[in-house]
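There are 2 protein chains.
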Amino acid sequence: MGLIVMKFGGTSVANPERIRHVARRVVRSYDQGNNVVVILSAMAGVTDGLIQLAKQVTDLPDKRELDVLLATGEQTTAALLAMLLKSMKYPSMSLLGYQAEVVTDKTFGNARILEIGATRIRDLIRERHIVVVAGFQGCDPDGNITTLGRGGSDTSAVAIAAALKADVCEIYTDVEGVYTADPNVCKKAKKLKKISYDEMMEMASLGAKVLQIRSVEFAKRYNVPVHVRSSFSEEEGTMVINPDKDMESIVVTGVTSSKNEARITITKVPDKPGIAAKILGPIGEAGIVVDMIIQNPETDGKTDLTFTIPSGNYREAMQIEKRVAGEIGAEDIFGDENIAKVSITGVGMRSHSGVAAKMFSALAKENINIQMITTSEIRVSCVIEEKYAELAVRALHKAFGLDHL
Amino acid sequence: MGLIVMKFGGTSVANPERIRHVARRVVRSYDQGNNVVVILSAMAGVTDGLIQLAKQVTDLPDKRELDVLLATGEQTTAALLAMLLKSMKYPSMSLLGYQAEVVTDKTFGNARILEIGATRIRDLIRERHIVVVAGFQGCDPDGNITTLGRGGSDTSAVAIAAALKADVCEIYTDVEGVYTADPNVCKKAKKLKKISYDEMMEMASLGAKVLQIRSVEFAKRYNVPVHVRSSFSEEEGTMVINPDKDMESIVVTGVTSSKNEARITITKVPDKPGIAAKILGPIGEAGIVVDMIIQNPETDGKTDLTFTIPSGNYREAMQIEKRVAGEIGAEDIFGDENIAKVSITGVGMRSHSGVAAKMFSALAKENINIQMITTSEIRVSCVIEEKYAELAVRALHKAFGLDHL
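Going line by line, the protein sequences match chains A and B. As numbered in the numbering used here, the first sequence has no gaps in its residue numbers, which increase by one up to the final residue, 561. As numbered in the numbering used here, the second sequence has no gaps in its residue numbers, which increase by one up to the final residue, 561.
There are no misleading hints in this set.
Each pair may be met inside one copy or between any two copies, as identical chains are not told apart.
Calculated lysine to aspartate or glutamate pairs in the EDC-like style (CA-CA distance at most 20 Å, straight line):
#, residue 1, residue 2
1, 245, 215
2, 211, 173
3, 245, 472
What the hints contain is simulated information worked out from the structure, not anything from laboratory work.
My request is simple: use the sequences and hints to build the entire structure.
Here's what the structure looks like:
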């Protein structure tokens with residue numbers, strides 16, 4: 157018995173039948189004596205549908221208003237589950253972001269949680285209510301609706317679990333847990349029993365669609381045990397926790413790839429101090445997250461600068477950079493949306509050498525050209541041509557012994 | 157130049173193309189130097205669609221949660237119009253019910269407005285924003301979302317116009333104004349240039365779908381001039397205002413009919429003091445509005461009691477009354493959903509006699525049996541078999557000289 161936060165993703169609430177399934181699952185936990193807070197995403201496809209609707213009205217929807225629109229998706233599922241639970245004679249109430257006091261900054265479309273009041277959640281739990289919170293949304297200090305970005309419901313769930321000091325945050329999704337690679341790409345992918353916050357964070361940021369990265373940051377910071385599991389089976393999933401010795405003996409835990417990236421290159425920029433800031437500053441101001449950055453060695457006082465961004469921001473970023481390129485006297489600017497990033501991750505890397513070299517040679521063996529490289533303590537990533545993404549994942553999965561884990 | 161509240165109904169915002177049309181209309185008013193506040197309904201059909209969705213989850217959706225669900229409809233259109241106006245370079249912002257401080261009581265599904273703060277609306281107007289407010293919704297003092305019942309966006313509009321002391325509240329709809337009868341039923345119906353608040357209130361409550369009755373109550377109480385007009389034409393519509401001499405010379409201004417009624421009869425009730433309260437009390441407590449009530453003269457210490465309610469509440473009311481009938485020892489209970497109410501309305505009735513008699517004889521001439529009768533100072537209504545509704549409207553329209561107004 158304890159306090160459990162259960163988060164269900166879009167495929168788990170895709171229609172009334174599945175919502176009934178979620179209700180049964182929630183009620184089972186509740187009937188075991190647990191206090192239960194449920195966080196829901198919008199029905200699968202609804203958020204994209206709303207974005208399409210907005211685009212029928214205007215090409216570049218205002219971000220504040222888009223958040224007002226998108227927030228209806230989770231409002232819908234939260235209301236539906238709460239009314240279903242009530243009709244099953246369980247005390248229940250839905251709360252929207254502002255009602256749960258999920259206070260964020262003002263970065264519409266990609267807001268960060270500043271604090272969670274959760275007064276009403278606590279009061280309702282005390283009365284043994286099953287509280288259903290609309291995920292993905294919050295409000296800024298002025299009461300404007302904000303959304304937390306793609307996969308934001310995971311962050312809602314973990315942040316609320318942290319605020320409530322929940323015993324576990326269960327993330328129900330359409331996969332069985334976290335795998336060594338995407339099973340759709342690599343048939344030999346294995347489900348991991350546990351994974352460290354750091355590894356999960358790297359993998360989340362690299363395109364493993366299981367958990368949003370911010371949710372893992374939150375989980376790590378507040379030490380919230382996260383259980384990633386399937387809403388369609390009873391199987392135990394993957395626990396995301398602090399690392400233990402077992403974990404450190406494995407060099408590479410997972411291979412991931414992401415196609416949601418785009419590259420922008422600005423050529424022959426006069427190489428003066430502060431030029432990178434001039435190029436990347438406006439991107440940051442627009443709330444666009446730059447991932448990799450490469451600045452080529454200078455020749456004749458000129459340099460080329462290449463960086464990658466989420467492909468969803470490509471159009472806006474190109475608009476910004478065309479203006480900047482003119483202002484700083486660059487020769488040319490071009491972009492590429494047909495790139496992919498493949499990465500290997502593992503806390504064991506810290507104590508092993510030659511991991512990157514092994515990765516490069518595995519890719520070379522398949523004749524895959526590496527365009528950009530970045531590394532962290534527990535990760536190596538390479539940008540390659542998009543069409544090689546799946547091949548690269550399989551090759552690396554094999555090279556690092558994950559096929560036979 | 158002044159402050160104009162413009163309200164657009166569901167058909168006026170039914171799709172992105174129509175929302176663009178609304179935007180052009182709004183901008184024209186704004187460009188003439190007016191301050192403009194826009195109140196929107198949900199897209200036509202959306203509210204019904206959401207109710208259907210709820211019913212796929214549970215037969216009798218909890219009212220608080222249904223309001224959370226329904227509120228998404230107006231949230232959607234408000235966000236879309238605001239983002240469109242912004243993309244047209246007009247300063248604009250959407251506000252939801254709670255953000256506009258539309259405070260209501262706790263009657264979920266049919267809440268009454270208690271007060272409107274409108275602080276943010278005023279601030280935004282001062283900065284020359286076009287403020288787009290989601291109609292139909294408010295919040296109770298605890299911050300729960302409420303909705304105002306069918307046609308509630310009209311009430312939102314008039315109440316906000318009253319709070320802002322607007323010069324006029326323009327209600328844009330899919331008809332040209334208020335007619336002497338429904339033009340779909342009676343080809344000879346004529347558009348009225350003006351109508352008094354009282355007449356409009358009677359007609360609204362009687363099934364003229366032009367304006368929600370509470371909106372007219374509000375308009376009367378705060379003396380808000382309401383202009384009912386078409387969003388698809390430039391024609392002047394009908395002004396709803398305080399009565400003047402012209403109006404009083406016309407005996408009957410309009411003939412209306414409503415099929416959204418149902419009748420419940422409880423027979424052979426032991427006739428003790430307080431029995432009507434026992435029967436009707438629980439209906440009121442459930443927030444169901446009883447319209448007509450007839451109690452037959454007592455025979456053998458028993459009486460029959462018949463009353464009408466909105467057909468949307470029929471099922472719930474029958475459930476309640478079956479229980480009550482058992483408790484009070486009634487013989488039988490039955491209901492009829494196939495009834496209609498036809499009514500004649502006019503402030504001129506106050507100074508003319510024989511109006512009711514003329515109505516009864518006009519119906520008798522068509523062999524239409526009258527089941528129940530109610531009257532007010534400026535209205536006479538009869539319940540008849542549903543199938544005669546249209547015939548009755550045409551007969552009365554002719555009998556009171558409206559065919560040749």
